[in-house]
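There are 2 protein chains.
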Amino acid sequence: MTSKQADNVTMSGGGVYSLATRGAKDVIDAATPRVLEAVNQLGLSPASERFTMADMGCADGGTSLDMVRGVLGRVRELSPAVQSTVIYADQPGNDYNALVGILHGRTRFHSWLGEIEQAWPVFSGSSFYLQCVPDGMLDLAFSATAMHWLSTLPCNITGHVHMVGATDGEAETFANQGRRDWESILMLRARELRPGGRMVLVNFCRDESGRYLGNTGGVNMFDTFNRIWQSFLADGRIREDEYHRMTLPQYYRTMEEFSEPLVDPDSACHRAGLRLDSIETRVVPCPYAEQFRRDGDVGTFADGLIPTVRSWNQSIFAAGLDPARPAEERAGLIEEFYGAYHRLVLDDPRGHGMDYVHAHMTISRV
Amino acid sequence: MTSKQADNVTMSGGGVYSLATRGAKDVIDAATPRVLEAVNQLGLSPASERFTMADMGCADGGTSLDMVRGVLGRVRELSPAVQSTVIYADQPGNDYNALVGILHGRTRFHSWLGEIEQAWPVFSGSSFYLQCVPDGMLDLAFSATAMHWLSTLPCNITGHVHMVGATDGEAETFANQGRRDWESILMLRARELRPGGRMVLVNFCRDESGRYLGNTGGVNMFDTFNRIWQSFLADGRIREDEYHRMTLPQYYRTMEEFSEPLVDPDSACHRAGLRLDSIETRVVPCPYAEQFRRDGDVGTFADGLIPTVRSWNQSIFAAGLDPARPAEERAGLIEEFYGAYHRLVLDDPRGHGMDYVHAHMTISRV
Numbered sequence: 001m002t003s004k005q006a007d008n009v010t011m012s013g014g015g016v017y018s019l020a021t022r023g024a025k026d027v028i029d030a031a032t033p034r035v036l037e038a039v040n041q042l043g044l045s046p047a048s049e050r051f052t053m054a055d056m057g058c059a060d061g062g063t064s065l066d067m068v069r070g071v072l073g074r075v076r077e078l079s080p081a082v083q084s085t086v087i088y089a090d091q092p093g094n095d096y097n098a099l100v101g102i103l104h105g106r107t108r109f110h111s112w113l114g115e116i117e118q119a120w121p122v123f124s125g126s127s128f129y130l131q132c133v134p135d136g137m138l139d140l141a142f143s144a145t146a147m148h149w150l151s152t153l154p155c156n157i158t159g160h161v162h163m164v165g166a167t168d169g170e171a172e173t174f175a176n177q178g179r180r181d182w183e184s185i186l187m188l189r190a191r192e193l194r195p196g197g198r199m200v201l202v203n204f205c206r207d208e209s210g211r212y213l214g215n216t217g218g219v220n221m222f223d224t225f226n227r228i229w230q231s232f233l234a235d236g237r238i239r240e241d242e243y244h245r246m247t248l249p250q251y252y253r254t255m256e257e258f259s260e261p262l263v264d265p266d267s268a269c270h271r272a273g274l275r276l277d278s279i280e281t282r283v284v285p286c287p288y289a290e291q292f293r294r295d296g297d298v299g300t301f302a303d304g305l306i307p308t309v310r311s312w313n314q315s316i317f318a319a320g321l322d323p324a325r326p327a328e329e330r331a332g333l334i335e336e337f338y339g340a341y342h343r344l345v346l347d348d349p350r351g352h353g354m355d356y357v358h359a360h361m362t363i364s365r366v
Numbered sequence: 001m002t003s004k005q006a007d008n009v010t011m012s013g014g015g016v017y018s019l020a021t022r023g024a025k026d027v028i029d030a031a032t033p034r035v036l037e038a039v040n041q042l043g044l045s046p047a048s049e050r051f052t053m054a055d056m057g058c059a060d061g062g063t064s065l066d067m068v069r070g071v072l073g074r075v076r077e078l079s080p081a082v083q084s085t086v087i088y089a090d091q092p093g094n095d096y097n098a099l100v101g102i103l104h105g106r107t108r109f110h111s112w113l114g115e116i117e118q119a120w121p122v123f124s125g126s127s128f129y130l131q132c133v134p135d136g137m138l139d140l141a142f143s144a145t146a147m148h149w150l151s152t153l154p155c156n157i158t159g160h161v162h163m164v165g166a167t168d169g170e171a172e173t174f175a176n177q178g179r180r181d182w183e184s185i186l187m188l189r190a191r192e193l194r195p196g197g198r199m200v201l202v203n204f205c206r207d208e209s210g211r212y213l214g215n216t217g218g219v220n221m222f223d224t225f226n227r228i229w230q231s232f233l234a235d236g237r238i239r240e241d242e243y244h245r246m247t248l249p250q251y252y253r254t255m256e257e258f259s260e261p262l263v264d265p266d267s268a269c270h271r272a273g274l275r276l277d278s279i280e281t282r283v284v285p286c287p288y289a290e291q292f293r294r295d296g297d298v299g300t301f302a303d304g305l306i307p308t309v310r311s312w313n314q315s316i317f318a319a320g321l322d323p324a325r326p327a328e329e330r331a332g333l334i335e336e337f338y339g340a341y342h343r344l345v346l347d348d349p350r351g352h353g354m355d356y357v358h359a360h361m362t363i364s365r366v
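Protein chains in written order, with my numbering: chain W, 1 to 366; chain X, 1 to 366.
Note that these hints are calculated values from the structure, not bench results.
Computed beta-carbon distance windows for the label pairs: (1) W:Ala340 x X:Ala331: 38 to 48 Å; (2) X:Glu77 x W:Pro326: 49 to 59 Å; (3) W:Gln41 x X:Thr152: 41 to 51 Å; (4) W:Gln41 x X:Gln118: 23 to 33 Å; (5) X:Thr158 x W:Pro46: 48 to 58 Å; (6) W:Pro326 x X:Ala319: 31 to 41 Å; (7) W:Pro323 x X:Arg350: 46 to 56 Å; (8) W:Gly73 x X:Arg180: 27 to 37 Å; (9) W:Pro323 x X:Thr300: 32 to 42 Å; (10) X:Asp29 x W:Arg194: 35 to 45 Å; (11) W:Gln291 x X:Ala81: 54 to 64 Å; (12) X:Ala319 x W:Thr300: 33 to 43 Å; (13) W:Pro46 x X:Pro195: 16 to 26 Å.
All residues carry an ideal CB built from backbone N, CA and C; glycine is no exception.
Build out the structure end to end from the sequences listed, making use of the hints.
Quick look at the structure:
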């Protein structure tokens, strides 16, 4: 029972993830009313004694502190004698020292621990591709901006670095992997949730208008990644096989793909008791682009945008480079890559940014 | 709700703790029959669905892997459909990346995860001076070689580095702190254990013959620590105030001190439902001294003994040094200290070693 997730996928550690991803917190804040509404529907009573929730794919836990604080507070309003457990789960390669430090108040982040009485965090190294807790233990499962990571890279993509640029058979291969992984994720949660439990999932998507992360009408961020790596290939700075391995193991699902196993009465997920309560798409604007629109400070814009991009894809791009290259040479190429992106933004900031496009779903377990 | 334990107390990280402490694993192995006997008395039946245990003060988790494997196996024999949760708890400054890595099979240690079906580890940053889980959640609590760490240093000791060398009022001050901390530890466990639950605690002690860790008839290890630091003081390598701050925040309890709150019907612990089932003292020989008796290789002996000593006291001695000294100077003094100990062993190995002297207790919650 080790993680099935690709070993080279790691978010930035040391608390850097939450510091670099203000937008990821904005997304969770935007989903919080939906989470609180799900809590209202759990059937908690003044006599309820225990409440257990999970944050799956929590990274360093900093981005969900306020949401969890809100949930625990609401639960105590409904059930004053309740004792709560919050399970923070991620893959085993996550930075647990940063996660424990943030929750236990050893950083500048404002933890809910010590503020909410009778509530305990625990930490799990089981990714969402594994069952994380015993059957029926969870009242509430939450996950944000995590389940686009595939359990495995189904193929490299020709001429692009992301499935949004895939065509024909490769696009289909990614869609199939995305469907299998989504069903696996849901079937595991069907075991973990108690009957009457709820799940609120906030995942990157391709929305009804074809928008997705970093592609909301301006410059397409994934095309920018691709253009820079292709220029490195043309310059001979990287080789063809390295460019080919730069494929990100992600899949951005459509509304139909998210909904299908939850609304088809013949699907395994539906038979396991999962039902789609509601789904909507939401765009949260890139906080760095927003600030740039207010203050026009292009340097600050580039200095904010590049680290937030870098926090989630550096490990994959670095793993694409030939391991036979000396480590410093690989590190140098990665610096050059983000440096080139930084210069692109400085030269012409118009249209750059990383707006977040998410599907927000509430799923119940009957 | 942050850790009350002194911030400068940390076991070696990066998996070094378990590698350096073969003896600590020997101690847990010696206690395993007692733990399995406690499992037999939990009233588990073929219909039992859930089992929850905790390892408190787990460090990197490596030393208890085999014990936990044994417990989970026994539980499955008694209750074939059971699903188990193992809570690994330590203070927030523990190395959780090492702990998660060892449990999730990312190291050379042989984890039970993946071998025992339907069992999950989770990790907690709550020390045993805090409640770690909701009321009544635990069937079994285990702790080894951890609860001698006091919640706070009650005073520095004049002329020695450890309470085993304290006299008069200072000895009494330590005894009082030891009693208060022991009662706190027990009262918290009384909340966490379900009625009928059991606790097996394996703690450093002063036994019926006055033996304790590193003092079983040969050279007294704590006197050796003290002699070396005193020589550093005499040489002017450290100052008086630094020597004074070298006091280890530990207390080694006697059998009477361990038993008292569990057998006195008027005590808070007894009223909270805790009962002493049994207590015994056991000596586990220093594995490095044992090997030296077999092979006579003094170099290997010194190379094994010093790191095992160092793994649990380096952080305290280092914190005693004046923080105004440059970091390299402090690191250098620490190296010199263990180097001096190493040379003492090389020069005359007779009587050196770190035999473990533990009280093994089983406590039930009525």
